[in-house]
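This is what each chain is made of:
There are 2 protein chains.
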Amino acid sequence: MATVTPRTLSGFMELLPPPQQQMEKMMDILRKTYALYGFTPLDTPVIESSEVLLAKAGGETEKQIYRFTKGDADLSLRFDLTVPLAKYVALHYNDLSFPFRRYQIGKVYRGERAQRGRFREFYQADIDIIGDGKLDIMSEAEIPAIISETFTRLGLRRFQIRVNNRKILNGFYACLGLTDKAQDIMRTVDKLDKIGPEKVKTLLTEDCGLTEQQAGEILGFMAISGSNEAVLAALESYRGRNAVFDQGLEELTTVVKYLAAFGVPAEKFAVDLTIARGLDYYTGTVYETTMLDHPEIGSICSGGRYDNLAEYYTDKILPGVGISIGLTRLFYVLSEQGMLNPEMDTAPADVLILPMTEDLTPAVSFAAGLRQAGIRTQLYTEQKKFKAKMSYADKLNIPFVVFLGEDEIRAGAATVKNLRMANDLPPEELGRLEQAGIYKQVTLPTEEALAYLRRLLDQRPPQAPIVDAPAPAEGCGASATQAP
Amino acid sequence: MATVTPRTLSGFMELLPPPQQQMEKMMDILRKTYALYGFTPLDTPVIESSEVLLAKAGGETEKQIYRFTKGDADLSLRFDLTVPLAKYVALHYNDLSFPFRRYQIGKVYRGERAQRGRFREFYQADIDIIGDGKLDIMSEAEIPAIISETFTRLGLRRFQIRVNNRKILNGFYACLGLTDKAQDIMRTVDKLDKIGPEKVKTLLTEDCGLTEQQAGEILGFMAISGSNEAVLAALESYRGRNAVFDQGLEELTTVVKYLAAFGVPAEKFAVDLTIARGLDYYTGTVYETTMLDHPEIGSICSGGRYDNLAEYYTDKILPGVGISIGLTRLFYVLSEQGMLNPEMDTAPADVLILPMTEDLTPAVSFAAGLRQAGIRTQLYTEQKKFKAKMSYADKLNIPFVVFLGEDEIRAGAATVKNLRMANDLPPEELGRLEQAGIYKQVTLPTEEALAYLRRLLDQRPPQAPIVDAPAPAEGCGASATQAP
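As you go down the protein sequences, you meet chains R and X in turn. One point on numbering: in the numbering used here, the residue at position 55 of the first sequence is 74, and numbering is uninterrupted. One point on numbering: in the numbering used here, the residue at position 45 of the second sequence is 64, and numbering is uninterrupted.
Same shape as in the complex, but just chain R (with noise of 0.2 Å):
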């Protein structure tokens, strides 16, 4: 009898078969794409010491550690995948090849306040190319071409990755005397989306004690902007009153410079001064992503560049580039803007055998035979009326039915039923189909009933796992190119 009910508890995803299939779509795609640029995958373990893990968290993070003792040992939950990866490269710095480039898409862990949409247990997937000693800035240019591929790989078009450095920001905020107080400027900066400029502006001078001068000059630079072009030209202005900034202006060029050769189209990347990142460990290029139709849902992919990965762990200097997507909330996001494609095949199954008579030898022989063609086949030997049986294929989504009864075995052959065909189709254009070669039903020798079926299922459209409007600018981008 049952004792116990059943839940599962809040904050933890935990999908039906159908988006489960398109998160696993989703996750082999980030594979393939990171796999490409010549990341390699790591696995490192979800506990970890709480010295070791903890060694440099505090504050916020370290409240909502999951942290619990077993026998003498203190162990926590990693809550990301940045500082195992930072142990990871100390640990085995012998045994790597510097620049080291490793894609992970694991769970993390934050005991964060329940609500909608905030998620304890979460999937992260992290790029990071990591230097020793140094690192050149191609690595920095390369990471928006990364995203940009990946997001368009998913299906994901109207997006911009926003970039900004971090040493243009420290060379400014230097030239103006406000070294000090620079972080406390960011962190206020970072409301103007929010806030707007007014209200920054009585925060900078009241709270930071910014005088009226200094936080208009401040607003000016962060007001700056246009095209690509036109904001690193207007910083052209600003050269030369300080090396840091200097310094900074020089990468940000650099990364402009080669987006066209990555590949990057120039509507999905924006160079924004307003960009800082809240984290003090992003030392040069810094990255955002937002969704053009949703400002609302904040930052899709962070990250950027830090000099010292693992100061804690080791003295080597090991500075490196990374960036982030936040999966299980990225996915829950597209799910409640209805984004995810409803296209896409989310069946268990491209073929379920419904065997007709008593011995199911040929019925096995066909599923084994069908398997070896990679068509993935399910048997149906469950004692159940015809309807029944047609209606588990319905729910399921499987396209195609085969019935194999006794004319069909004593024949050799298989009669094939495309579900994805509607019944009531006027006859014109079913001998349309009928004239390609594509049958609601048909009975054909069963080799030619696999070769029918490898054929139908290989002229399916490849389907990407979200659906999103076309960007405005590429229908332009491409007649561009046609122009003489």
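Check the hints yourself; a few may be wrong.
Pairs count within a copy or across copies, as identical chains cannot be separated in the list.
DSBU-like mimics (lysine-lysine), calculated; alpha carbons at most 30 Å apart, straight line [stated by the list, open to error]: (1) Lys459 with Lys414; (2) Lys89 with Lys75; (3) Lys335 with Lys406; (4) Lys153 with Lys436; (5) Lys51 with Lys408; (6) Lys408 with Lys276; (7) Lys436 with Lys276; (8) Lys153 with Lys404; (9) Lys153 with Lys213; (10) Lys436 with Lys89; (11) Lys335 with Lys408; (12) Lys220 with Lys406; (13) Lys404 with Lys459; (14) Lys459 with Lys406; (15) Lys153 with Lys335; (16) Lys82 with Lys200; (17) Lys406 with Lys89; (18) Lys51 with Lys210; (19) Lys403 with Lys153; (20) Lys75 with Lys153.
Think of the hints as simulated: they come from the structure by calculation, not from any bench.
Given the coordinates of chain R, assemble chain X onto it according to the supplied hints.
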């Protein structure tokens, strides 16, 4: 300054990049093979409410659980994937279609005593087929086919799936009037392999309180061996004395009957009456899988038929059959035995591009083109000596290096060096390869260079992650089918 010594907890597997690539390849094969058989992927939380997770647990398992509190919540890390499946099916019953076929590859946690080859965090790879009220015997026949195909695709050849049926054992013990002692007897008989029949007989009489005659009957029964047909024939002589036994014999006969049709080679499958499986919820077919050359490892893949998956969570009767691969332990054993394929490609990239000019635009464009063609490409832009760059490619086992110098760029060409070809090939061998269009180093127009790389990469033979000795029977089998 470094303040904490980086370390990974003992009992937690953390792999270097090349073995990690092999592990990923194994998981990829598992996912693809399970999908071919119509299983849908699931992902459930690592953390569950202790009340839910431990509804059934007790004894040894409960002691090993990672259990802790967070706020008011009493939480536990999952210790297998079966209990979360039971919860999932009970919780989402109305949204699922039955038979429900799912696979799950995920980490589970057991705080076992640390010892070599034992893991506290390890992957299980499970498949289960769950019926609603009933589940046809054919699912029990299909499981060995799936496992045989899975291990074969992984590259394992010398393995055997051993099968028994709990009804045969239960019926047999009932005939002897030993139903009450069946659990104790099965635990004792399970030691046959380790301690031999004499000692088992002693334990049966002295510890279990059986008569000499009963113990003799049991050992006689357990000694039934030979081909599957021979064992089934011997079992026929017991038929008619007990209804449960007879049903078990029917089921086992059905499972054996369909093996060939399912494509399981005869030598990969053995009826073995000594298999019982410890867990008391198995009620029909039970499976163990042994590596023929490493019986000391025990079963690498076990499972069976159960009559009621989720009795603690629902009054619905949910019979099923499932089997689980202990993936982390299997990987460890393969690694220890030197059975991980050294020929398998574990490089993070197929091509390393070494630009030789200041302007990197042509190199970036060529990298983008290679990636569009599906070639895993890394652009190397660090300021290092030529020798250090080549050594980087060598260490990472990247097969091709592309040089883009001023000469190449002026000519719209790229120089491709094949690092897998030895430097000291005899001239005649070199000539033979060049005639086949394979060069130690060649400069080609960029489009042709891309096509050349694509061709050479496509020519690589596919490599399974495991290398195993060929099964001795395979050659005979092949020639037998040739015989008139």
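Right, here's what the structure says about each hint:
no.	hint	verdict
1	Lys459 with Lys414	within (19 Å within a copy, 56 Å between copies)
2	Lys89 with Lys75	both (22 Å within a copy, 22 Å between copies)
3	Lys335 with Lys406	between (68 Å within a copy, 23 Å between copies)
4	Lys153 with Lys436	between (62 Å within a copy, 27 Å between copies)
5	Lys51 with Lys408	between (37 Å within a copy, 25 Å between copies)
6	Lys408 with Lys276	between (60 Å within a copy, 25 Å between copies)
7	Lys436 with Lys276	between (55 Å within a copy, 29 Å between copies)
8	Lys153 with Lys404	between (69 Å within a copy, 14 Å between copies)
9	Lys153 with Lys213	neither (37 Å within a copy, 58 Å between copies)
10	Lys436 with Lys89	neither (57 Å within a copy, 53 Å between copies)
11	Lys335 with Lys408	between (64 Å within a copy, 21 Å between copies)
12	Lys220 with Lys406	neither (70 Å within a copy, 55 Å between copies)
13	Lys404 with Lys459	within (22 Å within a copy, 65 Å between copies)
14	Lys459 with Lys406	within (18 Å within a copy, 64 Å between copies)
15	Lys153 with Lys335	within (11 Å within a copy, 62 Å between copies)
16	Lys82 with Lys200	within (26 Å within a copy, 53 Å between copies)
17	Lys406 with Lys89	neither (54 Å within a copy, 49 Å between copies)
18	Lys51 with Lys210	neither (36 Å within a copy, 47 Å between copies)
19	Lys403 with Lys153	between (67 Å within a copy, 11 Å between copies)
20	Lys75 with Lys153	within (22 Å within a copy, 55 Å between copies)
In summary, the structure is inconsistent with hints 9, 10, 12, 17, 18 from the numbered list given earlier, while agreeing with the others.
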